[in-house]
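Asker: Chain residues, written in single-letter form:
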Amino acid sequence: DAGVTQSPTHLIKTRGQHVTLRCSPISGHKSVSWYQQVLGQGPQFIFQYYEKEERGRGNFPDRFSARQFPNYSSELNVNALLLGDSALYLCASSYDDTLSGNTIYFGEGSWLTVV
Amino acid sequence: AQSVTQPDIHITVSEGASLELRCNYSYGATPYLFWYVQSPGQGLQLLLKYFSGDTLVQGIKGFEAEFKRSQSSFNLRKPSVHWSDAAEYFCAVVATSGTYKYIFGTGTRLKVLA
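Protein chains in written order, with my numbering: chain F, 308 to 422; chain P, 686 to 799.
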């Protein structure tokens, strides 16, 4: 079975631009979370979605937004890119949003470089 | 607030030697703890998890971890390290206030000497 898939794998954007990152969860998983991993640090929670509804949001500015589609795939959007947004963006999926069903499995990530 | 501390930024061991990576957490209730491994340029792979029950948890690739409530620790161990274990290891606790977000430590980078 396919794991969590993310696209694109690498991209370079200019400051002020907008970026959309995409994620397909593991088949049967209904919850998607997004994490930002800056070089040398652990992942930081951005969003969790379950059944197309936002279930949680981390300490990120409103420039960050996301949505989940009926097929449970998800998009992360970042507007007005800053140099500090350069990071590995990780998507993770879990079966549901309960604690026991919430073990998350990560994709390979999307490397974003802002220049 | 919940937090995870991984005191060792870098650890170097010889192939075949034993390994212990430290993880300390801060959490008021029963913690739900995880270890993930990240190879260079890749995503995170789940090694093992602790929800409840037996405090010694077995994972993939020969890893195990022991939950010690009295020490607020969840250390990862492996009896004999292989060169392919060289990677970065992250400990995480699930915060259960509102949503089940994972809080990660800053990671420990493992180097294995041949």
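To be clear, the hints were calculated from the coordinates, so they are not data collected in a lab.
As the structure is a computational prediction, the values presented were derived from the model and not from experiment.
Among these hints, one or two may not hold up.
[To be verified] With a Cα cut of at most 20 Å, we get these calculated DMTMM-like pairs of lysine to aspartate or glutamate:
| no. | chain 1 | residue 1 | chain 2 | residue 2 |
| --- | --- | --- | --- | --- |
| 1 | P | Lys734 | F | Glu361 |
| 2 | P | Lys796 | P | Glu700 |
| 3 | F | Lys337 | F | Glu360 |
| 4 | F | Lys337 | F | Asp369 |
| 5 | P | Lys734 | F | Glu360 |
| 6 | F | Lys337 | F | Glu361 |
[Claimed, not checked] Distance windows between CB atoms, simulated:
| no. | chain 1 | residue 1 | chain 2 | residue 2 | range |
| --- | --- | --- | --- | --- | --- |
| 7 | F | Phe376 | P | Ala799 | 25 to 35 Å |
| 8 | F | Ile319 | P | Arg754 | 42 to 52 Å |
| 9 | P | Ser765 | F | Ser372 | 38 to 48 Å |
| 10 | F | Thr312 | P | Lys796 | 38 to 48 Å |
[Unchecked claim] Quick look at which bits of chain P chain F covers, simulated, 3 or more residues with Cβ under 8 Å:
| no. | region |
| --- | --- |
| 11 | 702-716 |
| 12 | 785-796 |
A virtual CB, placed ideally from N, CA and C, is assigned to each residue, including glycine.
Asker: All hints are to be evaluated individually against the structure, with a verdict given for each.
Answerer: Right, here's what the structure says about each hint:
Distance hint between Lys734 of chain P and Glu361 of chain F is unfulfilled; the C-alpha atoms sit about 25 Å from each other, more than 20 Å. This hinted pair checks out: Lys796 of chain P and Glu700 of chain P have alpha carbons roughly 10 Å apart, not beyond 20 Å. Using a Cα cut-off of 20 Å, the hinted pair Lys337 of chain F and Glu360 of chain F holds, with the two alpha carbons roughly 11 Å apart. At roughly 24 Å between alpha-carbon atoms, Lys337 of chain F and Asp369 of chain F are farther apart than 20 Å, so this suggested pair is violated.
Of the pairs offered as hints, the one joining Lys734 of chain P and Glu360 of chain F is violated, with about 27 Å between alpha carbons and a cut-off of 20 Å exceeded. Proposed proximity of Lys337 of chain F and Glu361 of chain F is supported: the alpha carbons are some 12 Å apart, at most 20 Å. The hinted range of 25 to 35 Å is not satisfied by Phe376 of chain F and Ala799 of chain P, whose Cβ atoms lie roughly 47 Å apart. About 47 Å separates the C-beta atoms of Ile319 of chain F and Arg754 of chain P, a value consistent with the hinted range of 42 to 52 Å.
Separated by about 47 Å at the C-beta atoms, Ser765 of chain P and Ser372 of chain F satisfy the suggested range of 38 to 48 Å. Between Thr312 of chain F and Lys796 of chain P the CB atoms are about 30 Å apart, so this pair departs from the stated range of 38 to 48 Å. Figure legend: the region 702-716 of chain P, annotated as covered by chain F; annotation inconsistent (0 residues with Cβ-Cβ distances under 8 Å, at least 3 required). With a threshold of 8 Å between beta carbons, the proposed coverage of the region 785-796 of chain P by chain F holds, since 8 of its residues qualify and at least three are required.
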